[in-house]
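These protein sequence lines map, in sequence, to chains A and B. Residue numbers are given in full-length UniProt numbering: position 134 of the first sequence equals residue 134, and the series is strictly consecutive. Residue numbers are given in full-length UniProt numbering: position 211 of the second sequence equals residue 211, and the series is strictly consecutive.
Accuracy of the hints is not assured; some may be wrong.
Example chain A residues on the side facing chain B (calculated, C-beta under 8 angstroms, incomplete) [unchecked claim]: (1) Y282; (2) L287; (3) Y290; (4) D291; (5) S294; (6) E297; (7) L378; (8) A379; (9) L383.
According to the in silico footprint, chain B covers these stretches of chain A (three or more CB under 8 angstroms from chain B) [stated by the list, open to error]: (10) 311-321; (11) 370-376.
Worth flagging that the hints you see were computed from the coordinates, not collected in a lab. Predicted model, so just to flag it, every value in this text is computed and none were measured. Idealized CB from N, CA, C, for every residue including glycine.
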Amino acid sequence: MAEQQDWNSLSDTEFRKIFRSWVDENCPMRLRNMRKQRPVFDELADWYHALADKGWLSPVWPQEYGGMGLNAAKHIIYVEEWARLGCPRIPDHGIGLVGPLLIEFGTEAQKAHYLPRILSGEDVWCQGYSEPGAGSDLASLRTAAVRDGDSFIVNGQKIWTTLAHCANWILLLTRTSRDEKVKQKGITVLLVDLTSPGVTVRPIENLRQEADFCEVFFENVRVPAENLVGEVDKGWNLAKAVLGHERIFLGAPSRPEVALSRLEQLAEARGAFADPAFVARYARLRLDLYDLGSAFERFAKQLRDDGTLGADVSVLKIFCSELYQKITEETLDIAGEEARFLDDLPTGNGEVDAMNLYLDSRALAIFGGSNEIQRTILAKAVLGLPS
Amino acid sequence: MPEIILEDPDGTFAMLRDSVAAFAQRFDGAKSLRARRGAGRDLDRDIWSAMAEAGWLGLMLPEDLGGAGLGLSEQAILSEALGRALITEPLAQLSVFSGTLLAGAEPGAERSRLAEGLISGSLVVSPVWQTTDGGFAVVTATADVAGVTLSGTADLVVAAASADVFLVLARSKDERVLISVPAGSDGLSVSERPTVDGATLAQVRFDGCPVAAEQVLARGLLGNDLLDDAIQATRLTLAAELAGAGSKALEATVDYTKERVQFGKPIASFQAIQHRLVDMWSVAEFSCAAIVNALERLADEPGKPAALAVLAAKARAGDAAVDITRKAIHLHGAMGFTDECDIGLYMKRAVNLNATLGNPAQLRLQFVALERAA
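Taking the hints into account, I'd like the entire structure generated from these sequences.
Structure representation (structure tokens):
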């Protein structure tokens with residue numbers, strides 16, 4: 001196990017310097033600034049293990065479980081530097097979702113068993129939440145878990161399960177009972193081995209023609225009762241609790257930042273900055289990005305001061321995802337006739353993955369709660385508007 | 001509702017907000033605006049004197065000139081609160097812009113007299129320096145035996161009819177000079193035009209207007225930071241006022257749509273309305289964040305980073321306030337289209353402030369030009 005120190009006692013500048021220099025030295029160049037948003041485990045196993053050996057794989061888990069134990073302020077630095085150095089997103093459902101859930105709600109036996117296996121890369125997790133009939137309305141999920149002796153028998157289907165085809169475990173929200181009035185009741189969290197008999201994983205090609213998410217089918221899958229997290233029927237609040245301050249990262253400026261730098265690169269190459277109409281459009285996008293940075297800092301400061309965030313943070317996700325789209329749309333506009341190409345556009349100074357970003361930018365406004373859902377949440381939680 | 005969030009260890013900001021709230025009890029913003037508009041005046045001297053008594057007019061002027069010696073953060077909090085309360089006397093130009101120029105002028109009897117009068121409210125000191133396109137007016141100062149003679153025309157002058165003194169930025173050979181010109185001087189004429197929010201802007205003409213030599217307050221203002229500082233401080237003040245007006249208009253609209261019942265339900269329960277209100281709230285949040293960012297950059301990174309941040313803040317707050325207030329009118333339905341309903345006054349105020357010292361499109365272009373300049 002790597003030696004740890006009290007990172008939170010360092011100044012932000014010190015921590016940033018230490019973190020940045022090690023990551024810059026150790027993250028393989030072939031993984032930097034990848035086109036792919038979500039490389040699979042095998043592509044970056046060496047980097048994953050290097051982080052694990054260093055003890056830096058899991059920024060927020062407490063150190064007793066092998067994490068860095070970072071507070072929110074330091075975690076933001078971790079994520080910022082990660083993005084700045086162009087490091088790839090690692091399959092992080094185990095680190096970001098399952099780990100925190102077990103640390104807070106799991107039994108000692110569950111923690112002792114699962115946490116080390118996440119750090120070692122032995123277990124790769126995915127998140128089994130959405131279903132064909134339960135997307136925005138997640139609480140209407142129907143995948144059934146029925147108690148049978150010392151097991152649950154699971155039947156049903158999950159969809160949009162990111163990287164399920166590269167995972168061997170799934171964190172599953174199941175229906176154990178039905179309350180006609182409150183559909184959030186009767187939901188139970190189970191840890192399910194994807195190699196169990198009766199599980200079928202079918203990758204789905206996304207708009208970028210990548211297999212990034214999957215359908216997962218469960219047919220009489222037997223899950224040991226000890227794989228229950230928390231209490232039967234009370235899983236909804238568990239699932240919500242672990243979201244925590246991580247929601248701020250859905251609105252972090254890094255995605256539109258990358259997209260804007262590509263737009264600038266293409267605009268320089270095509271001489272678009274000589275066109276006042278383009279400059280006016282570009283200026284709007286540039287200022288939107290600049291102001292997103294200011295708004296992100298407004299919430300980051302709140303997080304540093306209070307340790308928590310309110311529902312209002314989803315304003316970042318809405319703004320960020322819509323800006324990301326506007327930038328990639330503008331990039332295709334100035335690509336002109338070339339906007340049709342699937343492959344990257346040559347500029348004489350590197351290539352610009354205009355179509356890749358254009359397609360990718362469709363997703364952020366949909367996942368993690370579509371922007372319409374976010375607006376409805378804000379209407380109720382922040383403005384107190386009636387139903 | 002969104003507001004400018006700054007650390008307030010000694011409670012100064014809370015005090016400023018309270019004092020504006022108390023002031024608004026005495027002088028209702030909308031009512032005062034309508035009264036002044038009805039009387040065809042460009043400034044309400046009673047309100048202006050009360051603002052002086054509250055200590056607001058000399059907030060940023062240094063203590064050795066009799067001011068409170070506070071900074072832009074305090075000014076921003078004050079102006080945000082004034083924007084909320086729709087107290088529309090032109091503090092940004094008459095106190096912040098004129099005050100910054102006076103603070104940077106050369107020490108002397110005339111400067112002291114003007115600063116003292118500005119702070120006490122006894123002198124209305126209107127800056128004169130722009131053309132209708134926002135650029136520098138051409139007012140020429142020609143030296144002669146008695147002092148200088150001014151010729152030329154300037155526009156966009158606030159409170160010109162009420163002004164006791166014009167603070168004129170003139171060109172003298174190849175330098176810029178700042179000159180104090182008493183209202184009513186020979187060869188000086190003022191013609192007013194109404195603005196949408198019930199005030200006026202004036203064209204001021206100098207037709208061989210003689211000024212004594214001791215009225216020249218500063219020289220060498222070309223390539224000097226003073227004017228940039230004044231513009232920057234005023235822009236940020238306007239941004240804060242816009243943020244306050246936008247936030248208040250949003251609040252009023254949320255309240256109204258919760259009360260207004262159609263089809264047996266409050267209209268705020270309809271998703272189409274809810275999403276609009278959320279979008280209004282979002283841009284109000286972004287305005288406040290942009291202003292805080294500008295204040296921080298001014299404190300930590302003066303120069304280019306601060307200049308960029310101020311441009312961004314004024315652009316964002318202006319865009320947001322105009323957008324919010326326009327939607328606010330719409331969400332008030334036919335009532336929103338009446339003069340009787342206050343919400344329209346917020347929109348008119350926002351339109352005025354948004355157009356002052358650069359509209360968002362212009363400011364964004366300045367931002368990009370400055371950022372991309374090597």
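Tested hints:
1. Restraint check, Y282/A versus chain B: the minimum CB separation of about 7 angstroms is within 8 angstroms; hint holds.
2. Taken as an interface hint, L287/A checks out: its beta carbon lies about 5 angstroms from the nearest beta carbon of chain B, inside 8 angstroms.
3. Hint status for Y290/A: holds, given a least beta-carbon distance of 5 angstroms to chain B, under 8 angstroms.
4. Checking D291/A against chain B: minimum C-beta separation of about 5 angstroms stays under 8 angstroms; hint holds.
5. Because the closest C-beta pair between S294/A and chain B is about 4 angstroms apart, less than 8 angstroms, the hint holds.
6. With 8 angstroms as the threshold, the beta carbon of E297/A comes within range of chain B, its nearest partner Cβ sitting at about 7 angstroms, so the hint holds.
7. A hinted interface residue such as L378/A counts as satisfied when its beta carbon comes closer than 8 angstroms to some beta carbon of chain B; here the least separation is about 5 angstroms, so the hint holds.
8. Nearest Cβ of chain B to the Cβ of A379/A: about 4 angstroms, under the 8 angstroms cut. The hint holds.
9. Hint status for L383/A relative to chain B: holds, with the closest Cβ pair at about 5 angstroms, below 8 angstroms.
10. By the rule of at least three residues with a Cβ nearer than 8 angstroms to a Cβ of chain B, the coverage given for the region 311-321 of chain A holds, with 4 such residues.
11. With a cut-off of 8 angstroms between beta carbons, the region 370-376 of chain A has 3 residues touching chain B; three or more are needed, and the interface restraint holds.
Hint compliance for this structure: every hint is met.
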